[in-house]
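Undergrad: The chain contents come next:
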Amino acid sequence: MSASTGLATRSLRNIRRLPSAFIPALLMPVFQVVSFSGTYAGVTQMPGFPTDRSVNWYLPMAVTMGASFAGLGTGFSMIRDLQTGFYDRLRMAPTTRRQLLLGPYLAAWARALIAVVLVTLVGLALGARPVGSGLGMFGLVLAGVGMATIGTGWGLGLAYRFKDMRAAAIMQLTLFLGLFLTDAQTPIEVMQGWLQTVARWNPLTRVLHVARMGFIDGLGGRDLLIGTLVMAGLAGITWMFALSGLSSLDD
Amino acid sequence: MPPQSSNAPIVARNLVRTFGSGERLIRAVDGVDLEVAAGEVFGFLGPNGAGKSTTVRMLTTLLRPTSGSATVAGFDIVSEADSVRRSIGVALQDAAIDPLMTGMELLKLQAVLYGIARGEQHQRAGDLLERVGLSAAADRRVGTYSGGMRRRLDLALALIHEPTVLFLDEPTTGLDPMSRLALWDEIRRLNNDGTTVLLTTQYLEEADQLADRVAIIDNGRIVRDGRPDELKSEVGAPTLLITVAEHATSAAETVLAQFGESRPTAEGTLGVGLRDGAGEVSAVVRALDALGINVEHLELRAPSLDDVFAEATGHRLEGAS
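Protein chains in written order, with our numbering: chain F, 1 to 251; chain X, 1 to 321.
To be clear, the hints were calculated from the coordinates, so they are not data collected in a lab.
Glycine is no exception: its CB is placed at the ideal position from the N, C-alpha and C atoms.
Be aware that a few hints might be false.
[Said to hold, decoys possible] Label-pair restraints from in silico Cβ distances:
id	chain 1	residue 1	chain 2	residue 2	range
1	X	Asn14	F	Ala21	43 to 53 Å
2	F	Leu173	X	Ile26	27 to 37 Å
3	X	His297	F	Arg166	48 to 58 Å
4	F	Leu27	X	Thr144	26 to 36 Å
5	X	Gly133	F	Leu181	52 to 62 Å
6	X	Val285	F	Asp164	58 to 68 Å
7	F	Arg97	X	Asn7	26 to 36 Å
8	X	Asp82	F	Leu173	32 to 42 Å
[Stated by the list, open to error] Stretch by stretch, here's where chain F covers chain X in the computed footprint (C-beta under 8 Å, at least three residues):
id	segment
9	54-68
10	80-92
11	97-106
12	109-116
[As the list claims (entries may be wrong)] Chain F regions said to be covered by chain X (calculated; three or more residues, Cβ under 8 Å):
id	segment
13	13-21
14	77-86
15	90-97
Chain F extracted, bound-state conformation:
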């Protein structure tokens, strides 16, 4: 077992021992898919709305959010480890800084897959129906893993810099702003004013399109390519953000 998998195993074991730290992050997207697809059932009557099932529209957004929470969850855990001093023990080990970072990433991916599967099952039970080929479901998983990766780097980077609950507040605020200033609620075409401009340029809109490939007609290979490039770019930037934050602990 490498240092990274050892750290990931610890993180996953702690889910079972401290479920209260993980379950809320899992319930939130489940609640969203249930409430949004019910409350906004009428949105499908809107001219040009790309599906006749509201749950098909909201399920990918909830999955993406659940996966993001899985990533940010590692940031919350990191704050606890920094505050208790446990992270000093890890920093004193002769492992590379990259291995220390990779551990939480592995844990976040495993957590994200739990969220992706659970929220998808709830969505399917509520009437979501996949469209097109199996590539669409791949897109949903890819977007989930991508958002978990981005969320992990962002969460860890903030945790290393603030070392306290201020980081948690910023993580949540930026996640909600980032995801809701996309076409999460309604298609870009029906938005107006600055919201439309922001949603069009918000890179997370492209990630949502990847997640929706299996549930909305009209999204295809080009959306997959652009969304994947966006996720890779953001994952790289947030990895560097986390790595420099880890290095700053020595100062």
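Fit chain X to the given chain F structure using the hints.
TA: Relative to the frame of chain F, chain X by itself:
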């Protein structure tokens, strides 16, 4: 004087660490020089906030020095940090241990982090738990351990990769006397096996009992260092402590000044280093009696590390923290 071996496991030269800037600049460590020889137990003695833990955090690669240099196990603490980490074991002040994990799980994780072969991990973890008397609690979550058990587990964690240099940052702070004695025995055993130990403490007795040499640090600077018996003999004269009625304090001070230099003491007590030794006690009592000063309490103390500390810093360590 510290040994002048260039192969010393711990060498620090003019180590400085500051925090903040401008008017808020704090020099937590202000030019520390030290050299710890192989196989030594080195005591780093000082009150809270003196700079002990900051020095240890630099030597264990957790904190970059502002200036100066240091090597541990022959490796530079900045440019060869990974090699330093491979060579040292560290038990930090707060025994930071994940309370959700069991003792066995923590030791196995530590074994993984130090690259110990998978086949050896369980065996080594079991051996260490037995060594520190925690075999029965191996599969209990650490959150249920007492303070003493956590300290012993912390020590076991520091030993998983059989380090040649061990840093113990206030290992017995907050422990009951029995747990403290048990930990002292373990530290002696480790040292007898050849491990070099740097121990920070604010307990004089701990330094006196365990350390081959001590350095006294105050306000970020080492103010004395040497063997405990040498340092105590440098202080020289035994200290006579007396308590008199408050109105007679000034007169008593004048009398005591005839027999030696005043020594810092706890409030309400007068202290003098007897220039001509313990034989002067009766003369002091007679002199006080001649002035009608009634002695309420009298105590003669051989020089202690606290006297060394007091002489070096102008204040006492005992009872300061």
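Undergrad: Look at each hint and say if it fits the structure.
TA: For each hint, the structure was consulted:
no.: 1; hint: Asn14(X) to Ala21(F): 43 to 53 Å; result: holds, 45 Å
no.: 2; hint: Leu173(F) to Ile26(X): 27 to 37 Å; result: holds, 33 Å
no.: 3; hint: His297(X) to Arg166(F): 48 to 58 Å; result: holds, 54 Å
no.: 4; hint: Leu27(F) to Thr144(X): 26 to 36 Å; result: holds, 29 Å
no.: 5; hint: Gly133(X) to Leu181(F): 52 to 62 Å; result: holds, 58 Å
no.: 6; hint: Val285(X) to Asp164(F): 58 to 68 Å; result: holds, 60 Å
no.: 7; hint: Arg97(F) to Asn7(X): 26 to 36 Å; result: holds, 30 Å
no.: 8; hint: Asp82(X) to Leu173(F): 32 to 42 Å; result: holds, 37 Å
no.: 9; hint: 54-68; result: holds (count 5)
no.: 10; hint: 80-92; result: holds (count 7)
no.: 11; hint: 97-106; result: holds (count 5)
no.: 12; hint: 109-116; result: holds (count 6)
no.: 13; hint: 13-21; result: holds (count 4)
no.: 14; hint: 77-86; result: holds (count 4)
no.: 15; hint: 90-97; result: holds (count 7)
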